[in-house]
Amino acid sequence: MSAANWRRAMNVQPRAQGGASGANTPAASARAARTSRPARPRFQNPLRFRHLVVLAFLIAFPWFATPFFTYQIGAQTLALGLIALSLTFLGGYGGMISLAQMTVAGIAGYMVAIFGTSATDGVSLGWPWWLAVVIGIAVATSAAAFIGWLSVRTEGIYTIMITLAIGVAFYYLVLQNYAVFNGFQGTQKVFPPTLAGIYWRDATPFYYLALFWALAGYLFVVYLLRSPFGIALQGIRDNPRRMHALGFNVTAHRVTAYAVAGAIAAVGGVLFTWYNGLVTPGSVGTSWLINILIIAVLGGMRHPVGAFLGAIVFVLLQNFAIDVIDRERFNLVIGAVFLVIVLFSNDGLLGWWSAVSVRLSTQRGETRWSSARNRLYAR
Amino acid sequence: MTLTWKWSWALLIGVPIVALSAWGLQDNARLFVITLLNGLTLASLYFIVASGFTLVFGLMRNVNLAHGSLYLLGGYLGFFAAQLTGSWLVALAVGFSAAAVVGLVMQVSIFRFMLGQDLRQTMVTIGLSIVIADCLMWAIGAQVHQMSPPAWLDGPIRNLPVIRAYSTYRLSLLPIGIVIGVALWLFLNRTRAGMMIRAGVDDRAMLAAAGVNVNLVFATTFAIGAGLAGLGGVILVLVLAFRPRGILGRPA
Chain A
1 MSAANWRRAM NVQPRAQGGA SGANTPAASA RAARTSRPAR PRFQNPLRFR HLVVLAFLIA
61 FPWFATPFFT YQIGAQTLAL GLIALSLTFL GGYGGMISLA QMTVAGIAGY MVAIFGTSAT
121 DGVSLGWPWW LAVVIGIAVA TSAAAFIGWL SVRTEGIYTI MITLAIGVAF YYLVLQNYAV
181 FNGFQGTQKV FPPTLAGIYW RDATPFYYLA LFWALAGYLF VVYLLRSPFG IALQGIRDNP
241 RRMHALGFNV TAHRVTAYAV AGAIAAVGGV LFTWYNGLVT PGSVGTSWLI NILIIAVLGG
301 MRHPVGAFLG AIVFVLLQNF AIDVIDRERF NLVIGAVFLV IVLFSNDGLL GWWSAVSVRL
361 STQRGETRWS SARNRLYAR
Chain B
1001 MTLTWKWSWA LLIGVPIVAL SAWGLQDNAR LFVITLLNGL TLASLYFIVA SGFTLVFGLM
1061 RNVNLAHGSL YLLGGYLGFF AAQLTGSWLV ALAVGFSAAA VVGLVMQVSI FRFMLGQDLR
1121 QTMVTIGLSI VIADCLMWAI GAQVHQMSPP AWLDGPIRNL PVIRAYSTYR LSLLPIGIVI
1181 GVALWLFLNR TRAGMMIRAG VDDRAMLAAA GVNVNLVFAT TFAIGAGLAG LGGVILVLVL
1241 AFRPRGILGR PA
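Residue numbers (this note's numbering), protein chains in the order written: chain A, 1 to 379; chain B, 1001 to 1252.
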């Protein structure tokens, strides 16, 4: 976060530069008079041409893609990307890598299955879908805040360990509890409702549903990162002791970050449960806990868009690793791709992207330093 | 913490444990002692595997989540060595050295370049553990491997007072774990090499200035830690079923 962005976010104006030295000349005073009214913060339209292209592509995607691509690739990417986005927010901007994001998503999914309708009668209460969804997101967000409250006092690898432990504990809870969670089988046929004459499980409606929430989550995170809370969170990531000395409540900010990330993961979890049509202990098992980390790291954690980039790569590999190599060797392919990216890039695909663009702009005659600086201030 | 606090904590935790143990002993002494021994021997086995991780993480601050893969590798190679030669000791040696060599390669080729980068080490070793587990699965297959212990450790010990009989091999895990623990402590605290390792952890540059090859010291430490994982793998092949799963339980 550059100084300019910081000022914009905090609504602070930089002090008029050179005003004192040049104020005596008539031209300067005229200029000063012209600009003396309290200037509003300069509005910079953040929308670029490439954003419109991507948005147009995303909206048009179901028109030219087969239902398989719309549902299996598109919608799954968006739902998984939304869960990974919560980890990007938490890890990239809060400095806390939590492996329990899939657990939070799974809690939301389980709540929707338990309070809503499913094929498992003994478990589901059959309440209206909207109530189940609201309860699911609320419970998952509180659970995320609780997980955060447990783990904020740890740092680095220990945060990973404690969140992994919480995730594994929840996995065994749902695996062994039959009264509430229906144990190993989980709940089947947890489908989105029919609303306004549209069955939302069909490929195209579900794609647009996922797209809406993915975009909403993305824009929310982008907005939040420029809000005072987001700025303070990044300050805490960089230097918690200094932020504490400045009077910020470090623990409260971190727990809030967990809760916000939990809400995003909960929405993603409801979508992912509807996408799968079921929620089982397997969907909150260790391999999925790690998969979310893999998705977030694959894409890169320096910008929210990385989560969705990682999800695209992950889903494509998951579906087409069969064609590249043996059906059974998906783990080898995803592991090797993950390994190459973490070994040779300091920030996933986004790290490569910025390295490439630095090199390109260097060739255009900028120096390496100036282009790096411009990139820094452009963020 | 004052002494009173310590005592109250000790009482708070100790009294229920003692009471429950007394109840268990009185209720079904045989079951209680067997369960206790099962717990202790399993803990001893986990200690052997985890001691390598502690050596690497506790001393060198090096997060190696691929430790489980090393242990898997040691177990498999030990198993095949035992099948070829029929000797349990050869299996132990092969398991230890194979894991040590792979650990050495990892230290020299990867970890040396990311000192102090906890998260990056975590990511890289998660990736490594996925790849290694899946490669082993590819090469060996998913069937469960188990081998029988050497003749002098096979079968039960009979005529024990309360429990009547207990597996010799399982019981032998307890002294093995204790010996490894004591040997590690002696090595780190009472030998010159252990002193170098501890000094290198405290101040790497100073140790290098004192004329010690720090990279060599750290590589050796890493190799020993990895080797202990392999050793644990070979020992475990005898006790429990063995199939490719990473340390994170990812079914490969």
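Please keep in mind that the hints were generated in silico from the structure rather than gathered at the bench.
The C-beta atom is built at its ideal place from N, Cα and C for all residues, glycine as well.
Careful, some of the hints might be misleading.
Claimed, not checked - Derived contacts from chain A toward chain B, CB cut-off under 10 Å, selection only:
{"no.": "1", "residue": "L55"}
{"no.": "2", "residue": "L58"}
{"no.": "3", "residue": "G91"}
{"no.": "4", "residue": "P128"}
{"no.": "5", "residue": "W129"}
{"no.": "6", "residue": "E155"}
{"no.": "7", "residue": "I157"}
{"no.": "8", "residue": "I160"}
{"no.": "9", "residue": "I231"}
{"no.": "10", "residue": "Q234"}
{"no.": "11", "residue": "I290"}
{"no.": "12", "residue": "L293"}
{"no.": "13", "residue": "I294"}
{"no.": "14", "residue": "F330"}
{"no.": "15", "residue": "L332"}
{"no.": "16", "residue": "L343"}
What the hints assert, rightly or not - Some chain B residues flagged as far from chain A (calculated, every beta-carbon gap over 10 Å):
{"no.": "17", "residue": "N1038"}
{"no.": "18", "residue": "A1133"}
{"no.": "19", "residue": "R1192"}
- [ ] Decide, holds or violated, for the assertion that all CB atoms of chain A are farther than 10 Å from the CB of R1192 (chain B).
- [x] 30 Å, holds
Open item on the list: Just to be careful: measuring from the Cβ of I294 (chain A) to every Cβ in chain B, is the smallest value less than 10 Å?
Closed with: 8 Å, holds
Open item on the list: So, as I understand it, the hint says W129 (chain A) touches chain B; can you test that by seeing if any CB pair is closer than 10 Å?
Closed with: 33 Å, violated
Task: Evaluation of the interface hint that places P128 (chain A) against chain B, nearest CB under 10 Å - done: Violated: closest Cβ of chain B sits about 37 Å from P128 (chain A), beyond 10 Å.
Task: Hint validity - I160 (chain A) Cβ closer than 10 Å to any chain B Cβ - done: Check passed: Cβ of I160 (chain A) comes within 6 Å of chain B, closer than 10 Å.
Task: Restraint outcome when L343 (chain A) is required to lie within 10 Å of chain B by C-beta distance - done: Since the shortest Cβ distance to chain B is 6 Å, the answer is holds.
Open item on the list: Min Cβ distance, E155 (chain A) to chain B: is it shorter than 10 Å?
Closed with: Holds - the Cβ of E155 (chain A) comes within 10 Å of chain B, reaching about 9 Å at its closest.
- [ ] Examine each Cβ of chain A, and state whether all of them lie more than 10 Å from the Cβ of N1038 (chain B).
- [x] 20 Å, holds
- [ ] Answer holds if the nearest beta-carbon of chain B is closer than 10 Å to that of I231 (chain A); otherwise answer violated.
- [x] With a minimum Cβ separation of about 22 Å from chain B (threshold 10 Å), the hint on I231 (chain A) is violated.
Task: Given hint I157 (chain A) near chain B, where the shortest CB pair must fall under 10 Å - done: At 5 Å from the nearest chain B Cβ, I157 (chain A) passes the 10 Å test, so the hint holds.
Open item on the list: Just to be careful: measuring from the Cβ of L55 (chain A) to every Cβ in chain B, is the smallest value less than 10 Å?
Closed with: Violated - the Cβ of L55 (chain A) stays beyond 10 Å from chain B, reaching only about 31 Å at its closest.
Open item on the list: Would the hint on Q234 (chain A) be counted as holding, given a Cβ-Cβ threshold of 10 Å to chain B?
Closed with: Check failed: Cβ of Q234 (chain A) comes no nearer than 17 Å to chain B, outside 10 Å.
Violated hints, in rising order: 1, 2, 4, 5, 9, 10, 18; the structure is consistent with all others.
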